[in-house]
Amino acid sequence: MDNNEKLKQVFCQALGIEADQVTDSLTYNTIEEWDSTAHMILVAELEDTFDVMLDTDDIIDMSTVGKAKEILAKYEVQF
Amino acid sequence: MALPLFNRTLDSFGERLALKSDTESISYLNLQNKVKDRIRTWQSHSVTSRPLILLRMANSIESVVNYLACLYAHYPCILINQSAPEEVINSIRNDFSPNFIVVERDCRVSSLTQHTLAEDLALLLSTSGSTGSKKFVALSYKNLIANTQSILGYLPIEQSDTTLGSLPLSYSYGLSILHTHLAVGACIRFTELTVMEKGFWEVLEHEKISSLNGVPSWYEMLLRLRFEQKTLPKLRYLTQAGGKLNKQLVLKLAGYAKNNNKQFYVMYGQTEATARIAYLSPKKLHVKPNSIGKAISGGELTLYDDKNAKISQPQKEGELVYRGPNIMLGYVDSAKELGKFFPQESLPTGDLGYFDEDGDFFITGRLKRMIKLFGERCSLDEIEARLNSAGFPVRCIGEDNLLAICTLSDSEKEIKQYAIKMLRTSPKAIITYRCEQWPLLENGKIDYTALQRQVLAKV
Numbered sequence: 001m002d003n004n005e006k007l008k009q010v011f012c013q014a015l016g017i018e019a020d021q022v023t024d025s026l027t028y029n030t031i032e033e034w035d036s037t038a039h040m041i042l043v044a045e046l047e048d049t050f051d052v053m054l055d056t057d058d059i060i061d062m063s064t065v066g067k068a069k070e071i072l073a074k075y076e077v078q079f
Numbered sequence: 001m002a003l004p005l006f007n008r009t010l011d012s013f014g015e016r017l018a019l020k021s022d023t024e025s026i027s028y029l030n031l032q033n034k035v036k037d038r039i040r041t042w043q044s045h046s047v048t049s050r051p052l053i054l055l056r057m058a059n060s061i062e063s064v065v066n067y068l069a070c071l072y073a074h075y076p077c078i079l080i081n082q083s084a085p086e087e088v089i090n091s092i093r094n095d096f097s098p099n100f101i102v103v104e105r106d107c108r109v110s111s112l113t114q115h116t117l118a119e120d121l122a123l124l125l126s127t128s129g130s131t132g133s134k135k136f137v138a139l140s141y142k143n144l145i146a147n148t149q150s151i152l153g154y155l156p157i158e159q160s161d162t163t164l165g166s167l168p169l170s171y172s173y174g175l176s177i178l179h180t181h182l183a184v185g186a187c188i189r190f191t192e193l194t195v196m197e198k199g200f201w202e203v204l205e206h207e208k209i210s211s212l213n214g215v216p217s218w219y220e221m222l223l224r225l226r227f228e229q230k231t232l233p234k235l236r237y238l239t240q241a242g243g244k245l246n247k248q249l250v251l252k253l254a255g256y257a258k259n260n261n262k263q264f265y266v267m268y269g270q271t272e273a274t275a276r277i278a279y280l281s282p283k284k285l286h287v288k289p290n291s292i293g294k295a296i297s298g299g300e301l302t303l304y305d306d307k308n309a310k311i312s313q314p315q316k317e318g319e320l321v322y323r324g325p326n327i328m329l330g331y332v333d334s335a336k337e338l339g340k341f342f343p344q345e346s347l348p349t350g351d352l353g354y355f356d357e358d359g360d361f362f363i364t365g366r367l368k369r370m371i372k373l374f375g376e377r378c379s380l381d382e383i384e385a386r387l388n389s390a391g392f393p394v395r396c397i398g399e400d401n402l403l404a405i406c407t408l409s410d411s412e413k414e415i416k417q418y419a420i421k422m423l424r425t426s427p428k429a430i431i432t433y434r435c436e437q438w439p440l441l442e443n444g445k446i447d448y449t450a451l452q453r454q455v456l457a458k459v
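Protein sequences, first through last, are from chains A and B.
The first sequence begins at 1 in the numbering used here and counts up by one.
The second sequence begins at 1 in the numbering used here and counts up by one.
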């Protein structure tokens, strides 16, 4: 499984949404499934899956799927 | 006019800031004037001399004005979270026929019923927040005064403080913060910002916030966002209640408090006791991070074993029973019960625990089938009953932050989607489990313990 697929899977599982909903523009707090509680679960799963440790600003800035890719790229996760 | 709750007038605090939100603020003087105006507006509808009010409460200045207007005017109110679904509002209208439904500045006459309302009845609070339980806790003015005084006896609240009012005011813990701060003339800072927004951290750092209050899931989030790296020189103390915070995280916050010259209060309470029952002295935090400490002043905590005998020796487990002037008037689920109350002298908490040689209490589990879903107390029996009446013949078990819904049918997905909507909780907190058949006790009833073992072993 490549990193794009892994990322998609993490979003689906953490937020309880369908794969076709996971687009780069999907934004925090615009769907009821992606609230702050779900975000914490999402962050924990991203950290586990990609073996990274995010800081406060990363976690807060991760407001879209596209942003998540950018932030993970800082930690040398390639998309 | 003196607020019955605080024994002095709001305007005696003059120009001091009472409330502040993201967009506006109000002094004690102006707050008092707004409260008076609000009462006059309501009285112009003159439905009945002492109406019952359904207050859809947000953490906003207008909502506090509404709430204080109810207290001043001696109108009992049902406090419900402003974001509660229409389904919940409709069921309250059916059961209680409130005369007014009030949302911010909007006040609508909803019923002309002349209710018989007990003289001391101040307020009705739901015990399970947004999950929509039909059972309410009735509290008196005396309850509110007593608990406010007890809390002021141990928390270091000062008039110059600004606390962050991040807990919902429709929740007993959140409401107790409003009461205690208004009683001393301090300021409550409301914010729509969540810990997930940069602005939240700016408020913490730049607005001289002196105290924080939160439930376990909120502190979990703060710590996940590396809260312990922020020194926050103006922050003096933290309080935590609303469930058991993981011991490691208690120690982490205790360490943070120690290193940064702050105090951390771990507390215990129930809406049935207005809010607060016990707290742990911050000095003992490092030695007893999983203790709830001792009863608040004016109250008494005791333990009873399963034969209803009082336990007098340490380390022996029993049910925690509380006595004190903050014990509720009673449970109610309809308007006809609001006329007369028969308050109990003691409150069985449903929590199991023991005390140690110093008399500090520890909670070990729950007597009833209750779990917490991200800070919201939920009865498994009640969730089960609601799903059953929605056409899903399911059985529910679970532990904190995990509800397992068991079914014999293959409609697991449908059930899960319905439950997420009904409980308004994260999908992560709910699992469905398909059983071949229900494990039964000899008497033919469902064996929940066996079901629990069977399901949770697979999680």
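Errors might be hidden in some of the hints.
[Claimed, not checked] To list a few chain B residues with every Cβ distance to chain A over 12 angstroms, as calculated: (1) E87; (2) N90; (3) I145; (4) T194; (5) S217; (6) N401; (7) Q417; (8) K428; (9) I430.
[Unchecked claim] Derived CB-CB ranges, DEER-like: (10) Q21(A) / E345(B): 50 to 56 angstroms; (11) L402(B) / D51(A): 39 to 45 angstroms; (12) Q229(B) / Q21(A): 47 to 53 angstroms; (13) G66(A) / R93(B): 40 to 46 angstroms; (14) D61(A) / N443(B): 53 to 59 angstroms.
These are calculated hints, taken from the structure and not from any lab test.
Here the structure is a predicted model, which is why all the values come from computation and not from measurement.
Think of the CB as a built atom: it goes at the ideal place given N, C-alpha and C, for glycine as much as any other residue.
Now the hints, each set against the structure:
No beta-carbon of chain A comes within 12 angstroms of the beta-carbon of E87(B); the shortest separation is about 16 angstroms. Here N90(B) stays apart from chain A, with its beta-carbon at least about 21 angstroms from theirs, past the 12 angstroms limit. Taking the minimum C-beta to C-beta distance to chain A, about 35 angstroms, the non-interface status of I145(B) holds against the 12 angstroms cut. Residue placement check: T194(B) does not keep its beta carbon more than 12 angstroms from all beta carbons of chain A (closest about 5 angstroms).
At the 12 angstroms boundary, the C-beta of S217(B) falls inside the reach of chain A, the nearest C-beta of that chain being 7 angstroms off. Non-interface call for N401(B) relative to chain A: violated, since the shortest CB-CB distance, roughly 10 angstroms, does not exceed 12 angstroms. Listed as outside the interface, Q417(B) is inconsistent with that label: its C-beta sits roughly 9 angstroms from the nearest C-beta of chain A, within the 12 angstroms cut-off. Residue placement check: K428(B) does not keep its beta carbon more than 12 angstroms from all beta carbons of chain A (closest about 5 angstroms).
With a least CB separation of 9 angstroms from chain A, I430(B) falls inside the 12 angstroms interface cut-off, contrary to its annotation. Against the hinted window of 50 to 56 angstroms, the Cβ-Cβ separation of Q21(A) and E345(B) comes to about 55 angstroms, which satisfies the hint. At roughly 26 angstroms, the beta carbons of L402(B) and D51(A) sit outside the given window of 39 to 45 angstroms. At about 34 angstroms, the CB distance of Q229(B) to Q21(A) disagrees with the hint of 47 to 53 angstroms.
At about 45 angstroms, the CB distance of G66(A) to R93(B) agrees with the hint of 40 to 46 angstroms. Roughly 57 angstroms separates the CB atoms of D61(A) and N443(B), a value that falls within the hinted 53 to 59 angstroms.
Violated hints, listed in ascending order, are 4, 5, 6, 7, 8, 9, 11, 12; each of the other numbered hints is respected by the structure.
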